[in-house]
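Fit chain B with the ligands to the known structure of chain A by using the hints.
Letter by letter, the chains look like this.
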Amino acid sequence: MAELTLTALGKRFDSHVALTEVSATFDDGEFVALLGPSGCGKTTLLRLLAGFEAPTEGEIAVDGTLVASARSGKLLPPEERNMGIVFQSYALWPHMSVARNVAYPLEVRGFSRAERRTRVAAALEMTGLTDYADRMPAALSGGQRQRVALARSLVADPSAVLLDEPLANLDLSLRATMQEAFAAFHQRTGATMVYVTHDQTEAMAMADRVAVMDGGRIRQFATPEVLYSEPADAFVAGFVGDGAVVPVEPCGPSDTGDVTVRLLGQEVSARARVAGPDRLCIRPEDITLGDEGALRAEVRQCTYLGGRFRLRLIAEGGLDLVAFSTARVRQGASLGLTIGRPWGFAAEVAHG
Amino acid sequence: MTPKMATNMGGSRSGDWLLSALMGLAILLTLAPVVRLLVEGVSGPAGFSLAPVAEVLAQSTTLSALWHSIFTAGVGTVISVILGGAFAFLVALTDIRAKGALVFCLMIPMMIPPQITALAWTQVMGPSSVLLKTIGLAPPLGSPQPLHSPLGIAVLLGIQHTSIVFLTLRAGLRAIPPEAVEAARISGARGLRLWWQVVLPLSVPSLAAGTAMAFVTALGNFGIPAMLGIPAGYSTLPTLIYQRLAGLGTSVLTEVAVLALLIGVVALAGVLLNRLFLRRRAYGLIGLANRPLEVSLRHLRLPVELALWLVIFAILVLPLLALAATSLVPAYGVPLNWQTISLGGWYEALFRQPVTARAFGNSFLLATGAAVVLMAISLPLAWVMLRRPNRLSRTFDLLVDLPYALPGVVLAIACILLFINLPLTDLTLYGTIWIIFIAYIARFFTVMLRPVQSALAQLDPAMEEAAQSAGASLGRRLRTIILPLTAPAAAAGAILVFLTAFNELTVSALLWSSGTETLGVVIFNLEDSGETVMASAVSVAVVGVVIVLMGAIQLASRRLPKGVVPWQN
Ligand SMILES: Nc1ncnc2c1ncn2[C@@H]1O[C@H](COP(=O)(O)OP(=O)(O)OP(=O)(O)O)[C@@H](O)[C@H]1O
Ligand SMILES: [Mg+2]
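Same order as they appear, the protein sequences are chains A and B. The first sequence: position 254 = 254 (our numbering), numbered continuously. Start counting at 1 in the second sequence, then tack on 1000, and there's your number in our numbering.
Same shape as in the complex, but just chain A:
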């Protein structure tokens, strides 16, 4: 169990900047997801936490104790950090049986044979691998290998578990099962977990808080519901959830405590943390469709999502919007829209 504190962390590979100005605190026992497009630095951040890479700027502390610092050059090696890690490639040792793979961290820590046996049995039991203890990794399915890697990372009660896209290679149903297993493990042990993924549904479903990353920065670090309803910038709004980001003119505060903005000549009342937002994030739920309505839009595409239809709309100024409908709508039909309390933010966000 550990609290991980990152302070102005940066990592440069030669001239390529992989991470800059990353500051965050992962609370003790928290389940944190790192979410972002390919190449945004998720793996790099994870490897910094594990100690496989040294930061080129800033520092990392575990429970208040400095483990890596670019300034002093201090770097606690991975073998002394007491963390568990699950690699995307699993990295099982092909020359050891499943039980030996899982027992290895205990052997290294000098546990007695009896203690090892009970702990390994418990870890295998928890991951449903008891019957496979004596198999070699080559004789396992992808999902089973994945569970071995998980069991191995958990067996020694690490203070934090780092997972790098551990479910990327699995099929949908196995994914769901494994997600439940992670959640259950997290609940039982209370270990701090850092989970890398580029699947937003996975991140939103499992994590207490999600750090959305892009271009080597954390764009927003918040709970899933805040990310969805109050995105900090256009990137987060576009990357998380469905909907559209549109430019607006700010008109000042409204009497209900919201702000008023002008969208295509119409006054719209919006939630915001800044006084004069010039962008709106309009989620499909924010749009009510009707024949009447101040705004008019044409239906470009209608896709069935199961239970409801997703409409792609083009509004008067050439504006792209997304809305949900309970009935199928003909392509080319013209609809009226009412927009209720979307989220407003300023396009220019000062970073750092």
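The set of hints was computed from the structure by calculation and includes no laboratory data. Remember, it's a predicted structure, so these values are computed and weren't measured experimentally. Treat the hints with care, since some could be wrong.
A short list of chain B residues far from chain A (calculated; beta carbon distances all over 10 angstroms) [said to hold, decoys possible]: (1) Leu-1025; (2) Gly-1047; (3) Val-1075; (4) Lys-1133; (5) Leu-1297; (6) Trp-1338; (7) Val-1372; (8) Ala-1457; (9) Gln-1458; (10) Glu-1465; (11) Ala-1467; (12) Ala-1470; (13) Ser-1473; (14) Leu-1485; (15) Thr-1516.
Calculated from the model, a selection of chain A residues having no Cβ within reach of chain B, i.e. all distances over 12 angstroms [said to hold, decoys possible]: (16) Glu-125; (17) Gln-200; (18) Thr-256; (19) Arg-308.
To give an idea of the chain B side of the interface with chain A (calculated C-beta under 7 angstroms), a few residues [unchecked claim]: (20) Asp-1397; (21) Ala-1462; (22) Met-1463; (23) Ala-1466; (24) Gln-1468; (25) Ser-1469; (26) Gly-1471; (27) Pro-1484.
C-beta atoms are modelled at their ideal positions from N, C-alpha and C, and glycine is treated no differently.
Positioned in the frame of chain A, the structure of chain B with the ligands alone reads:
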């Protein structure tokens, strides 16, 4: 990043000083001889001087030997590439049968010492050939031995090094994912087009690597030009060095050092040319080569198989038969038949001459020792070079091939220069078995290191990082994760080191003294003093031992982990 942090990277420092010491030792072993040679080559009576270089280069014997070396090695390499390339493509890509047996037979010429190859072939041809006499086809006495010629040397060099090209190319072909070829076939490519447009371009890097290695090895070959060229008055650089040294002793060391450097320069030029060529053409291969390709030859299969076995017969069985025939006559030149057959030569060579038994013992000890020591230091060394590269280790990586690429004679001279007086003492290693041992370590370092390096490079680094996260220290990771996973490659390297060291002649030819003879030396000396029958007998015995050893490894291969048998990869 500060330098201090760079050394901290990857964690534990516990084993670091040990690894640094190891690195230092390895560099000392492999590079000191070469450096010493360089120093000798450019020093006159009063310190640094290029005069010896100019003097040696001005001699016409030097230039003609240089040309002879390049010619024989060049033509020999062409032959190696044609033979080895054909075998590799057919064995790796088609559905011919009995591949295992073919590969095994093709490996044997490489394991047979070159001077035995030369001896065997002179027994196939020429006026004194026991084989020809026995079947009544011998040319009249006094007619020339056709192999005592530049082309004869080149052909035998080519045969000797066929398996080098074969092994390198086959390894490369195996790495081609079958999907690449299958995708081309689906697109309509077939037959020669498939081969020319897909397979060949993808195998160019390994073909080039094999070619360079065959050339460099041929350049340094001593046994074949010594046995065939010296009687004909045709010198290559290695034999010229040998003759200079044998004629005038250590007083010509400087001159000899320059000659040695000259071979080194040509060899290095070959290697660099190859690297330059490859830089523009190494394609990364995507996908896993899990299934071997098996293009069906259909009605051509039987003729192709017959042709391959005919080649094996010509380059392996025929010379060995001739050698065996020669070892069974009472005196050289007598035809072999039921009246003349005699085991006298065998008895005399193996039981009456104590030197033979001694040489068997020496060669066995040297080869085993070299294999064991190299295996022990190569793994940690390869690890340091891969995971903590610095300028030192990169230099070492570039130069570790040098003692192997340099002709054995050159390395031998370098070792003499280095060890004739141990620094700070009155001791000398010259004349002891240790000088041969150290020379072997230097020479065969790369044979051991390269397979381990490539096995290590293929390991997913996450394997080791997972252990590191589990809390394992460096030593423990090396022992429990890295060692078991690279053991097959290390064992393969060790087998190669043993087999090559067991038969080695070129290095020991200059380093032996009474009591430290190796097998190569014994055979060479017997032949040199006209005892062709006894030389043949010892040769057949050595070849027999090699084949039995290889056969034992082959038989055990089913119970060994995949990758241990070097010719099976
Ligand atoms: N060892 C390295 N040397 C140089 N550049 C690197 C290195 N490792 C990562 N990078 C670069 O740093 C950036 C971030 O890489 P990282 O692996 O952290 O991305 P990621 O977010 O994990 O992406 P993905 O989702 O595709 O795995 C990339 O542009 C990558 O090319
Ligand atoms: Mg990644």
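Now for the hints, and whether the structure bears them out:
Distance check on B:Leu-1025: its Cβ is at least 26 angstroms (rounded) from any Cβ of chain A, clearing the 10 angstroms threshold; non-interface status holds. Its beta-carbon lying about 43 angstroms from the closest one in chain A, B:Gly-1047 satisfies the requirement of being farther than 10 angstroms from that chain. Non-interface status of B:Val-1075 relative to chain A is upheld: no Cβ of that chain comes within 10 angstroms, the nearest being about 46 angstroms off. With a least beta-carbon separation of about 58 angstroms from chain A, B:Lys-1133 lies farther than 10 angstroms from that chain, consistent with its non-interface assignment.
Chain A leaves B:Leu-1297 outside its interface by the beta-carbon criterion, the shortest separation being 33 angstroms against a cut-off of 10 angstroms. For B:Trp-1338, the condition that its CB be more than 10 angstroms from all CB atoms of chain A holds, with the nearest at approximately 58 angstroms. Look at B:Val-1372: its CB is around 22 angstroms from the nearest CB on chain A, clear of 10 angstroms, so calling it non-interface holds up. With a closest Cβ-Cβ approach of about 16 angstroms to chain A, B:Ala-1457 is found to remain outside the 10 angstroms limit, as its non-interface label requires.
With a cut of 10 angstroms on Cβ distances, B:Gln-1458 stays outside the contact zone with chain A, its closest approach being about 12 angstroms. Not every C-beta of chain A lies more than 10 angstroms from that of B:Glu-1465, the closest at about 6 angstroms, which undercuts listing it as non-interface. Distance to chain A contradicts B:Ala-1467 as a non-interface residue, since its nearest Cβ pair spans about 7 angstroms, not more than 10 angstroms. Listed as outside the interface, B:Ala-1470 is inconsistent with that label: its C-beta sits roughly 4 angstroms from the nearest C-beta of chain A, within the 10 angstroms cut-off.
Not every Cβ of chain A is farther than 10 angstroms from the Cβ of B:Ser-1473; the closest lies at roughly 6 angstroms, contradicting the non-interface assignment. The non-interface label for B:Leu-1485 is inconsistent with chain A: the shortest C-beta to C-beta separation is roughly 6 angstroms, within 10 angstroms. Look at B:Thr-1516: its CB is around 41 angstroms from the nearest CB on chain A, clear of 10 angstroms, so calling it non-interface holds up. With a cut of 12 angstroms on Cβ distances, A:Glu-125 stays outside the contact zone with chain B, its closest approach being about 20 angstroms.
Residue placement check: A:Gln-200 keeps its beta carbon more than 12 angstroms from all beta carbons of chain B (closest about 25 angstroms). With a least beta-carbon separation of about 53 angstroms from chain B, A:Thr-256 lies farther than 12 angstroms from that chain, consistent with its non-interface assignment. With a least beta-carbon separation of about 42 angstroms from chain B, A:Arg-308 lies farther than 12 angstroms from that chain, consistent with its non-interface assignment. Restraint check, B:Asp-1397 versus chain A: the minimum CB separation of about 21 angstroms is more than 7 angstroms; hint violated.
Because the beta carbon of B:Ala-1462 sits about 4 angstroms from the nearest beta carbon in chain A, less than 7 angstroms, this interface hint is met. Among the interface hints, the one on B:Met-1463 holds; its C-beta lies about 5 angstroms from the nearest C-beta in chain A, closer than the 7 angstroms criterion. For B:Ala-1466, the suggested interface contact is upheld, since its CB lies about 4 angstroms from the closest CB of chain A, less than 7 angstroms. Among the interface hints, the one on B:Gln-1468 holds; its C-beta lies about 4 angstroms from the nearest C-beta in chain A, closer than the 7 angstroms criterion.
Given hint, B:Ser-1469 at the interface with chain A, holds; its Cβ is 4 angstroms from that chain's nearest Cβ, closer than 7 angstroms. About 4 angstroms separates the beta-carbon of B:Gly-1471 from the nearest beta-carbon of chain A, less than 7 angstroms, and the hint is met. Evaluation of the B:Pro-1484 hint against chain A yields a held restraint, the C-beta minimum of about 4 angstroms falling below 7 angstroms.
Of the hints listed earlier, those the structure fails to meet are numbers 10, 11, 12, 13, 14 and 20, in rising order.
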